[in-house]
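Peer 1: Protein sequence lines correspond, in order, to chains R and W.
Just so you know, we're using this note's numbering here: the first sequence kicks off at 5 and counts up by one.
Just so you know, we're using this note's numbering here: the second sequence kicks off at 213 and counts up by one.
Careful: at least some of the hints might be erroneous.
With a cut-off of at most 20 Å between alpha-carbon atoms, the simulated EDC-like pairs for lysine to aspartate or glutamate come out as follows [to be verified]:
no., chain 1, residue 1, chain 2, residue 2
1, R, K121, R, D161
2, R, K78, W, D458
3, R, K200, R, D297
4, R, K171, R, D182
5, R, K58, R, D261
6, R, K58, W, D458
7, R, K183, R, D161
8, R, K50, R, D161
9, R, K275, R, E245
10, R, K229, W, D271
11, R, K191, R, D291
12, W, K325, R, E241
Not the full set, but computed from the structure, chain R residues with beta-carbon under 10 Å of chain W [claimed, not checked]:
no., residue
13, S71
14, P95
15, L97
Simulated from the structure, these hints should not be mistaken for laboratory data.
Ideal placement from N, C-alpha and C gives every residue a C-beta, glycine not left out.
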Amino acid sequence: MKIKSIVAIALALMSFASVQPASAALKVVTTTADLGALAKEVGGDKVQVDSFAKGYQDPHFVEPKPSFILLANKADLLIVVGRELEIGWLPPLITSSRNSKIQTGAAGYLDASSNVKILEIPTGQITRAMGDVHPAGNPHYWLDPGNGRKIAAAIRDKFSELSPADKAYFAQRYSDFDKRLADAEKKWDATMAPYKGTKIVTYHRSWPNFVERFGLDVIGYVEPKPGIPPSPSHTLELIDEMKRQNVKVILVEPYFDLKTPQSIANQVGGKVLVLAPSVGGTKEATDYITLFDYDVNTLATALKATTGK
Amino acid sequence: MDLTIFQLLAAPIVVSLIIAGIHAYLGLHVVERGVIFVDLSLAQIASLGAAIAVWQGADPHDPMVYWMSLGFTLIGALIFSLIKAHDARIPQEAFIGISYAVASAAVILTLSKATGESEHLRDMLVGNIVAVQWPEVWTTAAMYLGLGIFHYVFRRRFLEISMDSQAAAARGVPVRLWDFLFYASFGLVVTRSVAIAGVLLVFCYLIVPSVGAMLWASRIGPRLAIGWVMGGIVSMLGMYFSVNFDLPTGATIVCTFGLALIVMAALKPILFRHAVS
Numbered sequence: 005m006k007i008k009s010i011v012a013i014a015l016a017l018m019s020f021a022s023v024q025p026a027s028a029a030l031k032v033v034t035t036t037a038d039l040g041a042l043a044k045e046v047g048g049d050k051v052q053v054d055s056f057a058k059g060y061q062d063p064h065f066v067e068p069k070p071s072f073i074l075l076a077n078k079a080d081l082l083i084v085v086g087r088e089l090e091i092g093w094l095p096p097l098i099t100s101s102r103n104s105k106i107q108t109g110a111a112g113y114l115d116a117s118s119n120v121k122i123l124e125i126p127t128g129q130i131t132r133a134m135g136d137v138h139p140a141g142n143p144h145y146w147l148d149p150g151n152g153r154k155i156a157a158a159i160r161d162k163f164s165e166l167s168p169a170d171k172a173y174f175a176q177r178y179s180d181f182d183k184r185l186a187d188a189e190k191k192w193d194a195t196m197a198p199y200k201g202t203k204i205v206t207y208h209r210s211w212p213n214f215v216e217r218f219g220l221d222v223i224g225y226v227e228p229k230p231g232i233p234p235s236p237s238h239t240l241e242l243i244d245e246m247k248r249q250n251v252k253v254i255l256v257e258p259y260f261d262l263k264t265p266q267s268i269a270n271q272v273g274g275k276v277l278v279l280a281p282s283v284g285g286t287k288e289a290t291d292y293i294t295l296f297d298y299d300v301n302t303l304a305t306a307l308k309a310t311t312g313k
Numbered sequence: 213m214d215l216t217i218f219q220l221l222a223a224p225i226v227v228s229l230i231i232a233g234i235h236a237y238l239g240l241h242v243v244e245r246g247v248i249f250v251d252l253s254l255a256q257i258a259s260l261g262a263a264i265a266v267w268q269g270a271d272p273h274d275p276m277v278y279w280m281s282l283g284f285t286l287i288g289a290l291i292f293s294l295i296k297a298h299d300a301r302i303p304q305e306a307f308i309g310i311s312y313a314v315a316s317a318a319v320i321l322t323l324s325k326a327t328g329e330s331e332h333l334r335d336m337l338v339g340n341i342v343a344v345q346w347p348e349v350w351t352t353a354a355m356y357l358g359l360g361i362f363h364y365v366f367r368r369r370f371l372e373i374s375m376d377s378q379a380a381a382a383r384g385v386p387v388r389l390w391d392f393l394f395y396a397s398f399g400l401v402v403t404r405s406v407a408i409a410g411v412l413l414v415f416c417y418l419i420v421p422s423v424g425a426m427l428w429a430s431r432i433g434p435r436l437a438i439g440w441v442m443g444g445i446v447s448m449l450g451m452y453f454s455v456n457f458d459l460p461t462g463a464t465i466v467c468t469f470g471l472a473l474i475v476m477a478a479l480k481p482i483l484f485r486h487a488v489s
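Same shape as in the complex, but just chain R (with noise of 0.2 Å):
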């Protein structure tokens, strides 16, 4: 009785659902939200895309779910982030995505690592005592408008390639991007140009692009090493460095517990920020552009009141 009930449910339920409706656009995946949006710039209606991680999510550590698999089977093209950031989480759904396109290497696979500009890259031996460090580099390079710029570039050349007869229409939606882009740049250089050089304090190694990119200089990070938890003792050490160095900023991603950072910036009386690394990590940042609007002005108020500039 039970059982048969139960498969009737279900049947029942499944008849309900609908069927997605095929469509001729190139159908793109990309692993963050940041890439979602560099191809959307860049594919215009062209292409559908979506992404996994939402902005506000870890990009790290992602759950799978079922239509993830779904989403990779239906792609034509995969756009990852690279570096090691996915290796958690990615490669069994590539696998189980049973979808030949876009498998490691295949033409429906960019890394759009590939020609932007990597900060970190270790040298000498790695070993795991130095915590979740990706030997190939610090993997949040989108967070530089020059590697936003580079990444669309790569994004229109993988496009052209998949979709050539849109050619024309990716490098007329490419130069129109790299020039709003270029005009935000301008006012960005320009609202940070004050704060060259202040010092500041970040959760985890998310920054490095932006810090560099904008002047800033990191003095230290809440995790005594990436990946790690913040411990008493590294916490008082950064608390005595904080103090001496007179620094009163902490950046702290929107995934990472703000207890920690709290009670540093309560100790050196300073404020802790709460920054999107992501499009989408708040709800102001709805594209790439927005993004760096909402990083560089949270900040920039924000070194405003504790610098005085």
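With chain R fixed as given, assemble chain W onto it according to the hints.
Peer 2: Just chain W now, with coordinates in the frame of chain R:
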């Protein structure tokens, strides 16, 4: 809904049925013995072995890690078979709880001292059933089949010591040895299942079918049959909900187990109206 998703999920579906099969059986023993949380405890002891191997510099995917966790599981099995009725005033669950807490904390300490493998710790605790691949499914199937045959051959012994160990001891059965064999084989299964499906899900596969079956039947045979059917149906249904509402699969199956148990309890007075209680 797009039905190709069920083809893509074939490996997770098959592995969930395999896990349901062996755990519904082992759950009978665990519930009979009244050691409900022993799987959490053994899984945590196994994680400690893995954590120590990682701390010693092994790569998380190194076979060394597996052997270490296996070694620790056997040590855990030895401990559990020795403490049984050591002092009748202290319930066995107390020792199990203590082992769980200490092993969990030791894992945190080991990993914090060693490395940045918080990722690995996460993997151990919340293995993701959606990410399972066919080779893992086959090795798991082969291993569980072997252990299943072992338990089938010695089924009377195992049931005897689980249901009334004092009577068995009185008949001259070496209870400690059989307890150890039980916990060791159980530990092997749990360690493997947890790595695939995560702690929460494995706990449910173990305990819920067995408890659900006890609501409806009292003899071992029917209880096992009900447990298997329930485990299978809940796996399928949970998988379906996970796809349909796009929810993380493991947690969805866990909640489906909870719902199924409520449904079974609610149906009990209707189905067994005429039964003598």
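Peer 1: Which earlier hints can't be squared with this structure?
Peer 2: none
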